[in-house]
Amino acid sequence: AQSVTQLGSHVSVSEGALVLLRCNYSSSVPPYLFWYVQYPNQGLQLLLKYTSAATLVKGINGFEAEFKKSETSFHLTKPSAHMSDAAEYFCAVMETSYDKVIFGPGTSLSVIP
Amino acid sequence: DVKVTQSSRYLVKRTGEKVFLECVQDMDHENMFWYRQDPGLGLRLIYFSYDVKMKEKGDIPEGYSVSREKKERFSLILESASTNQTSMYLCASSLTGAYNEQFFGPGTRLTVL
Chain A
1 AQSVTQLGSH
11 VSVSEGALVL
21 LRCNYSSSVP
31 PYLFWYVQYP
41 NQGLQLLLKY
51 TSAATLVKGI
61 NGFEAEFKKS
71 ETSFHLTKPS
81 AHMSDAAEYF
91 CAVMETSYDK
101 VIFGPGTSLS
111 VIP
Chain B
1 DVKVTQSSRY
11 LVKRTGEKVF
21 LECVQDMDHE
31 NMFWYRQDPG
41 LGLRLIYFSY
51 DVKMKEKGDI
61 PEGYSVSREK
71 KERFSLILES
81 ASTNQTSMYL
91 CASSLTGAYN
101 EQFFGPGTRL
111 TVL
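First to last, the sequence lines map onto chains A and B. All residue numbers for the first sequence refer to the working numbering, where the first residue is 1 and numbers rise by one. All residue numbers for the second sequence refer to the working numbering, where the first residue is 1 and numbers rise by one.
Be a bit skeptical, because a hint or two may be false.
[Said to hold, decoys possible] Here are the simulated DSS-like cross-link-like pairs (lysine-lysine), alpha carbons at most 30 Å apart as the crow flies:
1) B:Lys18 to A:Lys58
2) A:Lys100 to B:Lys55
3) A:Lys49 to B:Lys3
4) B:Lys70 to B:Lys55
5) B:Lys71 to B:Lys53
6) B:Lys18 to A:Lys49
No wet-lab data here; the hints were simulated from the structure.
Here chain A stands alone, though its shape is the one from the complex:
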């Protein structure tokens, strides 16, 4: 079965600093990968998705992620953190059957002024 791990349940960065959220997946076949964000008291919304067209994927709000097959990783980055980026971030991998998505445990991002 596919699985997702996210290193660090909580990450703190200063405003303007680089954001790096780590995601590793296990999959025996080329995966479909996603990053979702959850702002306080809201549901999840899609940040970006890997569709195999390009290894570097750009998403909303200045986020991007790089697919590295050799490392089975899909880390999320943003060059300069903003206060509004404070949220919970989930990495996810899709199972090809029944469109099921396996979510990682999430990383809570805090941005310090």
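With the hints as your guide, set chain B onto chain A.
Showing chain B alone in chain A's frame:
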């Protein structure tokens, strides 16, 4: 604008009560999902449905049932609520297909006393 709505944002019930959580989507999506979200555990799939009257068990179906009589509506039922079912419940929907993102409702925070 796509929309997934859930019948309640907050719900308080007593142990042993039958609880209904309703989810409605207006995007004509084939797939619908129920997750529960707990700190440190991420999202865990309870049930999903890929067509009207069709349902599949997810990872943690025990103590829950579902109903999908119409394409746009997916109900989660707790037959006899217990305190360990206190959680955030998230509904999502998606089109069929590998790269299709899931759209989430705002969640229902259920407390069972």
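Hint check results:
1. Distance hint between B:Lys18 and A:Lys58 is unfulfilled; the C-alpha atoms sit about 44 Å from each other, more than 30 Å.
2. Between A:Lys100 and B:Lys55 the alpha-carbon distance is near 13 Å, which keeps this suggested pair within the 30 Å criterion.
3. Note on A:Lys49 and B:Lys3: the hinted pairing holds, with a Cα-Cα distance of about 20 Å set against a maximum of 30 Å.
4. Straight-line distance between C-alpha atoms of B:Lys70 and B:Lys55 comes to about 13 Å, which keeps the hinted pair within the 30 Å bound.
5. A hinted pair counts as satisfied when its Cα atoms are at most 30 Å apart, and B:Lys71 with B:Lys53 qualifies at roughly 9 Å.
6. Between B:Lys18 and A:Lys49 the CA atoms are separated by roughly 38 Å; this puts the pair beyond 30 Å, and the hint is violated.
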